[in-house]
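Peer 1: If you read the sequences in order, they're chains A and B.
What the first sequence shows, in full-length UniProt numbering, is residues 1 to 306, in sequence order.
What the second sequence shows, in full-length UniProt numbering, is residues 1 to 332, in sequence order.
Just so you know, the hints here were simulated from the structure itself, not pulled from any lab data.
The calculated DSS-like cross-link candidates involving lysine-lysine, where the alpha carbons are at most 30 Å apart (straight line), are: (1) A:LYS29 x B:LYS214; (2) B:LYS214 x B:LYS322; (3) A:LYS160 x B:LYS83; (4) B:LYS234 x B:LYS319; (5) A:LYS31 x B:LYS234; (6) A:LYS202 x B:LYS36; (7) A:LYS160 x B:LYS288; (8) B:LYS218 x B:LYS234; (9) B:LYS234 x A:LYS29; (10) A:LYS31 x B:LYS218; (11) B:LYS234 x B:LYS322; (12) A:LYS221 x B:LYS214; (13) B:LYS319 x B:LYS214; (14) B:LYS83 x B:LYS288; (15) A:LYS31 x B:LYS214; (16) B:LYS234 x B:LYS214; (17) A:LYS202 x A:LYS130; (18) A:LYS202 x A:LYS221; (19) B:LYS218 x A:LYS29; (20) B:LYS75 x A:LYS160; (21) B:LYS36 x A:LYS130; (22) B:LYS218 x B:LYS322.
Owing to the predicted nature of the structure, the values given are computational and were not obtained by experimental measurement.
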Amino acid sequence: MSTATSEIARSEFLEVELQPEPAGRRRIKRKTVNTVIWFVVLLAVTAVVLYPLVWLVFATFKPSSEFGQNPGLLPDQPTIDNYFKVLEGIGGVPLWRFFANSLLIAVLAVVGTLFSSALAAYAFARVQFKGVGILFAAMIGTLLLPFHVVIIPQYIMFQKLELVDTYWPLILPKFLATEAFFVFLIVQFIRNIPRDMDEAAKIDGAGHWRIFVSIILPLIKPALITSAIFTFIWTWNDFLGPLLYVNSPELYPLPVALRLYNDQTSSSDYGATVAVSFLALLPILIFFVVFQRFLVDGVATQGLKG
Amino acid sequence: MTVSTTLTRAIVTADESGTRRPGRRGPDVPARAGIKARNRRETATGYTFLLPWIIGFVGLTLGPMLYSLYLAFTKYNLFTEPKWIGFDNFTRMFTEDPVYIQSVQITLVYVLVGTPIKLAAALAVAMLLNYRDRGSAFFRSSFYAPSLIGASVSVAIVWRAMFSTDGPVDNTLSFFGIEIGGWVGNVAMVLPMMILLAVWQFGAPMVIFLAGLKQIPKELYEAAEVDGAGPVRKFRSVTFPMLSSVIFFNLLLELINAFQVFASAYIISNGSGGPAGMTNFYTVYLYKRGFADLQMGYAAAMAWVLVIVVAIIAALLFKTQKSWVHYAGENR
Numbered sequence: 001m002s003t004a005t006s007e008i009a010r011s012e013f014l015e016v017e018l019q020p021e022p023a024g025r026r027r028i029k030r031k032t033v034n035t036v037i038w039f040v041v042l043l044a045v046t047a048v049v050l051y052p053l054v055w056l057v058f059a060t061f062k063p064s065s066e067f068g069q070n071p072g073l074l075p076d077q078p079t080i081d082n083y084f085k086v087l088e089g090i091g092g093v094p095l096w097r098f099f100a101n102s103l104l105i106a107v108l109a110v111v112g113t114l115f116s117s118a119l120a121a122y123a124f125a126r127v128q129f130k131g132v133g134i135l136f137a138a139m140i141g142t143l144l145l146p147f148h149v150v151i152i153p154q155y156i157m158f159q160k161l162e163l164v165d166t167y168w169p170l171i172l173p174k175f176l177a178t179e180a181f182f183v184f185l186i187v188q189f190i191r192n193i194p195r196d197m198d199e200a201a202k203i204d205g206a207g208h209w210r211i212f213v214s215i216i217l218p219l220i221k222p223a224l225i226t227s228a229i230f231t232f233i234w235t236w237n238d239f240l241g242p243l244l245y246v247n248s249p250e251l252y253p254l255p256v257a258l259r260l261y262n263d264q265t266s267s268s269d270y271g272a273t274v275a276v277s278f279l280a281l282l283p284i285l286i287f288f289v290v291f292q293r294f295l296v297d298g299v300a301t302q303g304l305k306g
Numbered sequence: 001m002t003v004s005t006t007l008t009r010a011i012v013t014a015d016e017s018g019t020r021r022p023g024r025r026g027p028d029v030p031a032r033a034g035i036k037a038r039n040r041r042e043t044a045t046g047y048t049f050l051l052p053w054i055i056g057f058v059g060l061t062l063g064p065m066l067y068s069l070y071l072a073f074t075k076y077n078l079f080t081e082p083k084w085i086g087f088d089n090f091t092r093m094f095t096e097d098p099v100y101i102q103s104v105q106i107t108l109v110y111v112l113v114g115t116p117i118k119l120a121a122a123l124a125v126a127m128l129l130n131y132r133d134r135g136s137a138f139f140r141s142s143f144y145a146p147s148l149i150g151a152s153v154s155v156a157i158v159w160r161a162m163f164s165t166d167g168p169v170d171n172t173l174s175f176f177g178i179e180i181g182g183w184v185g186n187v188a189m190v191l192p193m194m195i196l197l198a199v200w201q202f203g204a205p206m207v208i209f210l211a212g213l214k215q216i217p218k219e220l221y222e223a224a225e226v227d228g229a230g231p232v233r234k235f236r237s238v239t240f241p242m243l244s245s246v247i248f249f250n251l252l253l254e255l256i257n258a259f260q261v262f263a264s265a266y267i268i269s270n271g272s273g274g275p276a277g278m279t280n281f282y283t284v285y286l287y288k289r290g291f292a293d294l295q296m297g298y299a300a301a302m303a304w305v306l307v308i309v310v311a312i313i314a315a316l317l318f319k320t321q322k323s324w325v326h327y328a329g330e331n332r
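Could you put together the complete structure from these sequences and hints?
Peer 2: Below, the structure written as structure tokens:
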């Protein structure tokens with residue numbers, strides 16, 4: 001808040017006390033001015049923040065020859081050739097294949113994360129058993145652990161199991177609740193649900209499994225949706241995982257395939273590179289527009305990383 | 001509450017009476033046995049629910065951590081057996097590897113310069129958004145979008161194009177008379193460019209700040225105003241202490257995240273870490289040592305140094321939080 005705002009706020013206070021009649025109109029006017037300034041400043045920030053994305057959208061319609069000569073927003077000679085070129089794919093693999101690979105990995109990751117995280121979260125939040133404190137602390141500890149410390153042994157392990165160049169190393173961990181963020185998020189959510197209902201169900205003879213499936217799962221739907229969206233987006237964006245584990249181009253998910261475009265065509269075919277970058281980003285942008293409420297609220301309540 | 005607990009216990013005990021061993025007498029004994037059985041059952045259920053997580057934790061986190069700790073003291077190329085070399089990896093890192101030292105330096109600059117700027121931007125914008133409710137939802141979402149996609153390969157490619165020689169950023173700046181002459185290939189400017197990419201993703205901490213700001217009671221500001229507090233004083237005496245736990249949380253999270261930047265640096269430099277090693281961030285170098293040069297022991301040692309650094313930073317932050325972090329309901 002600026003100095004001016006607070007000055008006005010203070011004078012507002014005094015004016016209301018001392019001379020209510022004329023101050024009223026002036027206050028309204030000042031408030032309007034403040035709101036306009038507020039709006040303009042935020043619009044300016046929006047413009048700066050969203051410019052790279054808008055630039056990307058327009059750049060996909062620029063012929064490759066325009067890059068380096070026309071840094072502006074609008075293409076001089078708009079063309080959709082880039083899209084046609086990109087659809088052919090690269091290195092003998094059609095573009096849809098990379099999309100399908102990414103989709104398969106992301107969907108399996110969502111299923112695995114929801115299944116394993118919800119189970120673990122229920123145990124941490126609602127079951128009283130020996131060792132729950134230590135295990136919970138260990139789970140929280142993994143939140144802060146740089147995962148680079150485990151990628152080397154994990155790679156060696158998957159290599160010994162001859163699972164390199166399959167999707168197992170990318171998907172299996174999701175079924176084992178390794179993303180502690182989601183376990184934590186769901187635990188917090190379950191803790192906010194009053195216990196009365198499970199107590200009542202217990203009286204009716206329901207066991208933990210029954211309570212979990214019929215009472216808790218329906219009630220934690222918002223947390224599950226948030227986890228699902230974030231898992232999808234993070235998996236879709238993940239670069240290091242596939243870079244390590246997937247070697248065959250026909251198995252590449254989009255981010256690694258993008259690198260292929262980027263490496264082979266950066267000098268000659270910038271148009272195709274930006275077009276495929278935009279296409280890769282498109283599902284996430286759509287997701288974002290549709291689910292932004294869940295995403296932003298999920299971050300606000302649980303402090304998820306971006 | 002008490003009634004239902006008593007009821008539950010009664011019912012559970014009755015339920016377990018079927019499994020009660022014969023020969024026990026007295027009203028007390030079977031009840032206690034029932035609770036014991038119940039506890040055992042609870043424990044069994046707990047571990048059943050937790051089974052996937054436990055397998056994951058032991059098999060994919062704890063086990064690998066111990067193994068990488070062992071590898072850190074070995075020379076290992078994936079094909080021959082690991083060879084124990086003691087602290088050689090660590091001494092080599094700090095005494096014979098200038099690339100490592102440079103990697104540490106640029107990573108520290110990136111973390112220590114980028115994180116405060118990012119958090120300051122996040123807090124400033126959050127305070128701006130908190131000024132008015134109507135219409136702020138749109139801005140909140142727009143500012144959050146980059147955080148969601150910031151680490152993606154697509155964004156790295158866009159960033160490279162935007163900051164290339166004669167790219168949009170260069171051209172805009174030269175319009176104002178500032179000649180940079182390209183950022184991507186420029187040894188002096190590529191690190192600031194990476195920091196800008198990080199700052200661009202201020203949306204995630206901003207949303208968390210905003211949620212924190214909304215929790216501050218308006219009366220505190222009104223009281224401060226009555227006492228004649230200006231904006232600076234209000235920030236120092238109301239906003240900062242009331243928000244300190246959120247600041248602490250964001251700071252911890254962003255510092256740890258910043259140390260782990262990888263994809264954008266890797267893509268922007270085409271995997272080279274260039275120009276002149278200026279995008280050879282810690283994790284990029286770790287990846288190159290481990291998976292390009294197959295020096296798994298050295299990479300494991302690097303990873304452990306990172307863990308220790310992160311642990312020290314977290315410990316320091318937790319230690320200093322007493323002096324500046326204020327939790328609600330706590331006496332001062």
